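2 protein chains.
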Amino acid sequence: MNLILLAPEDIRHDRLASVRDPRRLRHLREVHRARVGDVLTLGVQDGGIGRGELTLLSDDEARFALETLDTPPPPALPVHLVLALPRPRMLARSLEHVTAMGVKRITLLHTRRVEKSYWQSPELEPAKIHEHLVLGLEQARDTALPEVDVAKGFRPFVEERLPQLLEGRRGLVAHPGMPSPCPTGLSEPCVLLIGPEGGFIPYEVERLLEAGCEGIHLGPRILRVETAVVALLARLF
Amino acid sequence: MNLILLAPEDIRHDRLASVRDPRRLRHLREVHRARVGDVLTLGVQDGGIGRGELTLLSDDEARFALETLDTPPPPALPVHLVLALPRPRMLARSLEHVTAMGVKRITLLHTRRVEKSYWQSPELEPAKIHEHLVLGLEQARDTALPEVDVAKGFRPFVEERLPQLLEGRRGLVAHPGMPSPCPTGLSEPCVLLIGPEGGFIPYEVERLLEAGCEGIHLGPRILRVETAVVALLARLF
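In order, the protein sequence lines correspond to chains Y and Z.
Residues 1 to 237 (my numbering) make up the first sequence, in order.
Residues 1001 to 1237 (my numbering) make up the second sequence, in order.
Hints are computed from structural coordinates only; laboratory data are not their basis.
One or more hints might be untrue.
In silico DSBU-like pairs for lysine-lysine, Cα to Cα no more than 35 Å straight-line [claimed, not checked]:
(1) K1128(Z) / K1116(Z)
(2) K1128(Z) / K1152(Z)
(3) K1104(Z) / K1116(Z)
(4) K1152(Z) / K128(Y)
(5) K116(Y) / K1116(Z)
(6) K128(Y) / K104(Y)
(7) K1104(Z) / K1152(Z)
(8) K116(Y) / K1152(Z)
(9) K104(Y) / K152(Y)
Derived list of chain Z stretches under chain Y, where covered just means 3 residues or more per stretch with a C-beta under 8 Å from a C-beta of chain Y [what the hints assert, rightly or not]:
(10) 1032-1046
(11) 1095-1107
Computed from a prediction, not measured in an experiment: that's the story for all the values here.
The C-beta atom is built at its ideal place from N, Cα and C for all residues, glycine as well.
Chain Y extracted, bound-state conformation (with noise of 0.2 Å):
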């Protein structure tokens, strides 16, 4: 928790926060190790970040004074992220790192090696996307929540969501033996498409490709999927 993210019930008025969650105090107390009159970094979710000082700090409740929360929160990256739905503890990993990387787009997508009890898991609960999605955030001193949604078909992905997503955006489908090494160094937005365990089968690959996608690999080294998109997103931006 490099930055304490506020939601916006957390914030009393205008100066003063008041964080109430057991995880949070928690680590206040245990990783910070806070004391009343430390002052700590803030942020405001969707918004500005800056400094408040701890002026109560109690079984259930840290109370912060808020200077001026206007420092905007690091930049984004231009990438809407199409993941297929990872098993479920991957999935949690996925979302916290990439969302500190950077990430404020993502659709979980069903594909032929996805499998369908993972779309059953607790980890898909709004709930529990947000508490990742909030760690991811708070790691990286970001504020800028990201946009989790779903595609459990993947035919009506390509057929229906994809043409427009590609609209003024480039696509990358990450895949092993994929013709182009995964290219660098990108400003402009990008669609990132990568397959579960065991990759997406080659009707999928093909589908992709012809919606306009660029087939790209990272290496002869077969990585896991909290790894690979990692390192894709290190190497393309």
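Use these hints to put chain Z onto chain Y, whose structure you have.
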């Protein structure tokens, strides 16, 4: 397990391998859904890669008839990674990530902000470290086992060990706020040093720079060690 990594003791004779540990047997059954007659990819630790036919699968043994295992493993990264010892679970995942990416030399370093208790973790036992290295190799279809050592004193490391490591290698200290962005597309040998959660302390950064390392950064976002290490390797090479 994109490759079944055979330890020397798994090889009965020239053309026969026998796998007996529960982890790999379970994986063969549950993930590969392997049946007698299936041909799978195998590799010999620190040796070549090839195919083998499953000739027996019982509760306590999988037996393979080996073809020639003469495909070399994928290229290694020319980097010696010096990682401030992360907390145990992050160590485990980081070892898997960096092994999958092709790192072959890893030194785990004590620095001021490494919690002393981490050095007592069971994750540091050679057998546990070996397990994570093997998982990384199996993921990336590699056979060359990384070497991992520890440096439990920062000063002896900087004064005695680092000068040797930097002979013929470029030293890079990844630390927020350093003047240069992380370089890309390197092919020369490097030593990459990464601090703990909370970073190196200023004294440590100074000593590393004095020793001849360059300070590099990944931008304004503060990443967790396991995210940063993947992002740095992906960008450097």
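Original post:
In ascending order, which of the hints set out earlier in this document are inconsistent with the structure?
Top reply: 4, 5, 8 and 10
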